[in-house]
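Protein chains: 2
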Amino acid sequence: MSSPILLSQRSHQARDLPISFLMQQAVENRDCLSLAAGLVDPDTLPVNVTKEVVARVLATKESGNRALQYGTTPGSEALREQLLKHFCKLEGLPESQTSVSAEQIICTTGSQQLLSITSEILLNPGDICMVAGPTYFVFAGNLVGVGARPITVRTDEQGMDPQALDLALADLNAAGQLDLVKLIYVVSYYDNPSGVCVSAERRKAIVDVAKKWSRNHRIMVLEDAAYRELHYDGPELPSLWSYDDTQSYVIYTQTFSKTVSPGIRVGFGIVPQELVAPICERKGNEDFGSANFNQAIIQEVLSDGLYAEHLEKVKASYRRKRDAMLEAADQYFSDLDGVSWVHPHGGLYVWMSLPKEVVTDFRSPLFQEAVNKGVMYVPGSFAYAGLEMPPNHQMRLSYGVLDPAGINEGMRRLAESVRVVLR
Amino acid sequence: MSSPILLSQRSHQARDLPISFLMQQAVENRDCLSLAAGLVDPDTLPVNVTKEVVARVLATKESGNRALQYGTTPGSEALREQLLKHFCKLEGLPESQTSVSAEQIICTTGSQQLLSITSEILLNPGDICMVAGPTYFVFAGNLVGVGARPITVRTDEQGMDPQALDLALADLNAAGQLDLVKLIYVVSYYDNPSGVCVSAERRKAIVDVAKKWSRNHRIMVLEDAAYRELHYDGPELPSLWSYDDTQSYVIYTQTFSKTVSPGIRVGFGIVPQELVAPICERKGNEDFGSANFNQAIIQEVLSDGLYAEHLEKVKASYRRKRDAMLEAADQYFSDLDGVSWVHPHGGLYVWMSLPKEVVTDFRSPLFQEAVNKGVMYVPGSFAYAGLEMPPNHQMRLSYGVLDPAGINEGMRRLAESVRVVLR
Numbered sequence: 137m138s139s140p141i142l143l144s145q146r147s148h149q150a151r152d153l154p155i156s157f158l159m160q161q162a163v164e165n166r167d168c169l170s171l172a173a174g175l176v177d178p179d180t181l182p183v184n185v186t187k188e189v190v191a192r193v194l195a196t197k198e199s200g201n202r203a204l205q206y207g208t209t210p211g212s213e214a215l216r217e218q219l220l221k222h223f224c225k226l227e228g229l230p231e232s233q234t235s236v237s238a239e240q241i242i243c244t245t246g247s248q249q250l251l252s253i254t255s256e257i258l259l260n261p262g263d264i265c266m267v268a269g270p271t272y273f274v275f276a277g278n279l280v281g282v283g284a285r286p287i288t289v290r291t292d293e294q295g296m297d298p299q300a301l302d303l304a305l306a307d308l309n310a311a312g313q314l315d316l317v318k319l320i321y322v323v324s325y326y327d328n329p330s331g332v333c334v335s336a337e338r339r340k341a342i343v344d345v346a347k348k349w350s351r352n353h354r355i356m357v358l359e360d361a362a363y364r365e366l367h368y369d370g371p372e373l374p375s376l377w378s379y380d381d382t383q384s385y386v387i388y389t390q391t392f393s394k395t396v397s398p399g400i401r402v403g404f405g406i407v408p409q410e411l412v413a414p415i416c417e418r419k420g421n422e423d424f425g426s427a428n429f430n431q432a433i434i435q436e437v438l439s440d441g442l443y444a445e446h447l448e449k450v451k452a453s454y455r456r457k458r459d460a461m462l463e464a465a466d467q468y469f470s471d472l473d474g475v476s477w478v479h480p481h482g483g484l485y486v487w488m489s490l491p492k493e494v495v496t497d498f499r500s501p502l503f504q505e506a507v508n509k510g511v512m513y514v515p516g517s518f519a520y521a522g523l524e525m526p527p528n529h530q531m532r533l534s535y536g537v538l539d540p541a542g543i544n545e546g547m548r549r550l551a552e553s554v555r556v557v558l559r
Numbered sequence: 137m138s139s140p141i142l143l144s145q146r147s148h149q150a151r152d153l154p155i156s157f158l159m160q161q162a163v164e165n166r167d168c169l170s171l172a173a174g175l176v177d178p179d180t181l182p183v184n185v186t187k188e189v190v191a192r193v194l195a196t197k198e199s200g201n202r203a204l205q206y207g208t209t210p211g212s213e214a215l216r217e218q219l220l221k222h223f224c225k226l227e228g229l230p231e232s233q234t235s236v237s238a239e240q241i242i243c244t245t246g247s248q249q250l251l252s253i254t255s256e257i258l259l260n261p262g263d264i265c266m267v268a269g270p271t272y273f274v275f276a277g278n279l280v281g282v283g284a285r286p287i288t289v290r291t292d293e294q295g296m297d298p299q300a301l302d303l304a305l306a307d308l309n310a311a312g313q314l315d316l317v318k319l320i321y322v323v324s325y326y327d328n329p330s331g332v333c334v335s336a337e338r339r340k341a342i343v344d345v346a347k348k349w350s351r352n353h354r355i356m357v358l359e360d361a362a363y364r365e366l367h368y369d370g371p372e373l374p375s376l377w378s379y380d381d382t383q384s385y386v387i388y389t390q391t392f393s394k395t396v397s398p399g400i401r402v403g404f405g406i407v408p409q410e411l412v413a414p415i416c417e418r419k420g421n422e423d424f425g426s427a428n429f430n431q432a433i434i435q436e437v438l439s440d441g442l443y444a445e446h447l448e449k450v451k452a453s454y455r456r457k458r459d460a461m462l463e464a465a466d467q468y469f470s471d472l473d474g475v476s477w478v479h480p481h482g483g484l485y486v487w488m489s490l491p492k493e494v495v496t497d498f499r500s501p502l503f504q505e506a507v508n509k510g511v512m513y514v515p516g517s518f519a520y521a522g523l524e525m526p527p528n529h530q531m532r533l534s535y536g537v538l539d540p541a542g543i544n545e546g547m548r549r550l551a552e553s554v555r556v557v558l559r
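Chains as they are written, first to last, in my numbering: chain A, 137 to 559; chain B, 137 to 559.
Since the hints were derived computationally from the structure, they do not count as laboratory data. Just to be clear, a hint being listed does not mean it is correct.
Here are the simulated lysine to aspartate or glutamate pairs, EDC-like style, with alpha carbons at most 16 Å apart [as the list claims (entries may be wrong)]:
#1 B:Lys225 / B:Asp440
#2 B:Lys197 / A:Glu188
#3 B:Lys347 / B:Asp381
#4 A:Lys225 / A:Glu463
#5 A:Lys187 / B:Asp381
#6 A:Lys348 / A:Asp302
#7 A:Lys197 / B:Asp440
#8 B:Lys340 / B:Asp315
#9 A:Lys197 / B:Asp179
#10 A:Lys187 / B:Glu188
#11 B:Lys187 / A:Glu198
#12 B:Lys197 / A:Asp440
#13 B:Lys347 / B:Glu293
#14 B:Lys187 / A:Asp307
Chain A is faced by these chain B residues, among others (derived, beta-carbon under 10 Å) [as the list claims (entries may be wrong)]:
#15 Tyr206
#16 Thr382
#17 Phe429
Just so we're clear, the structure is a prediction, and the values are computed from it rather than from any experiment. Positions of the beta carbon are idealized from the N, C-alpha and C atoms, including for glycine.
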């Protein structure tokens, strides 16, 4: 027998991620209708667009070589220039009026890599990150992985409540712990899992609270805008980033995984000038640059009308599917007392709350009943970070993968399951 | 003025990587002939192969969708099956005779990501990793990044000396530090920077030393086989991995960055069964899976004769360029007393030692003279980890980028520069 392998402290911290369990559940229940998977709509995956764009990237030996050679750690200059233009357009800013430069843009393997790197470079064990409740569970895993402590801030259908955030920071200050607070994490558009979009007033207010409590050191806001461009209706809001006129408090992240392809997996960040070097140093250690070929593909997609055209298609498809889910919720759940859900204006998720006595976790009778009836969801308790007793009566329902008929049938089965448990 | 951003302890540790400085030097001296860059041969980048293979991957909506959707954290099953076959072929093992399974294969963003993840999951601050002298400087950066201590083991033209390794571990044991030794890092084929290939006897011996000193815990061998398939002449040796019949001491890493394309950046590892979960958990935190599209490309490249054919072309080109560099070394350096170099049988590098009094670092008169004459190299001192006074009279010379005429001219300029300094 070999002697045991000793894992690092960090590795032990990281042991408890729900995503592997979720994937295993999905594999074991392949015939279930999945309202769980966060995958993107297979119908809208850009097979033809990618064909066209790759042909352009590889059209000449010169352009092909550029794409197939090593790139640099922060990513291709040409793409970063393109991303700056793209971002300014989203913000409704003329490029000439913004002082942000392409140097502050860093390309990553999905936006996830930037969430992970940000945790690595800012958080020591014991440091505090303020999060919404519920929040994105993979980022909660990043916090656990670096030994940081998430503190949940009251959150409602307008997003994280800045007054609650302010009070929580005041309490931490009174307890002598303000020096530990390094980060406020906000999924600003159509949150995963809650579907909530932070309201315009709260965007400014959250940034202001970060500034207010930045005393001995700066409290950074990590703005996760992964779902920003999956907008279906309602107002299109400027980022939290745009409310920070000093461009020094907000780390902004976005990705083309949802709008183009998660298999290509190009994300990016816009970061304060002084974080460029530490982020690149960390990324240099991890992979010294994401795949250059993929960056060339996204650059080409963005360079003409292809992107806008494809995005419209994607949005139209998701809008239909969101509507199908909301209609099915009305159809099957509205007569159930104590059931409520959030109406999302974008993104991929509907967040549903059941009566408090209906437990939703993997070990619950409801989950078992749902699997028996052939439908899966993500238990809401996964999405609370740092709470001893997280709410356990909620579900994340995704309309990403199924078609409208499948969504309706999935919702019907789920409502049936709830009825069985309530009986 | 904003208050200062506090970086994590880890970020401070990571601040001193030479790669950014090297890249900056390259950017600032674009008209220099580069014997420094570790880029791959642009002439052999597989523009047409990639075109052909992408067309196949995207041929049907179904196969295209598979490639453009999210994959799983360890990578596509189909690719991992393919990689198992590929690896068995390299080892000369019939697949039926190996007990390693595709489950033990993990796909990464280049092999670099697996080097980084291995450091993360095995090393606590203060832990020890035994390394060759010289060794791969990016991995040395990973060690510094996690706060681990590299200890350099005597290394010669046969690679890391197992007797010296054994003695070093005996010394550490005597000093009560054996419990801190977690890892032995070996670039087993045509080392970056030294070009050295670990000899057959030493392969077995290094694994045996790891086993011998694995008392309270297992000392793992991290085998970096990035250059394995860039073999030009001499024997083709089996891996260190193959000498561990328990399949529990060696973490084996390889990449298609050198043999196919660094812009596609698909690497992989073969790891002991019990490390699959910790590695996937860490990778799940970092990016929950490298780009699926790229994995589909590599799978397709490997699936028929395309890979073998392309590899032959790549090797023929590098072999010519290696020969050009060795001939130029003979031509321009052989009359210089105290200059010697290693004859590599594969890989991308010639390691050259100058007389001890000729300093080669960035601040040296030689480096300045070389830049003035229009040639760049990588100073050898970067490649020593954990030594207080690293040797400072060596150079890593790469024949990756230039053509044979450029290599000859670069070597001529370099020899001229050495003569100027020696005068």
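If you check each hint against the structure, which ones fail?
4, 5, 7, 8, 12, 13 and 14
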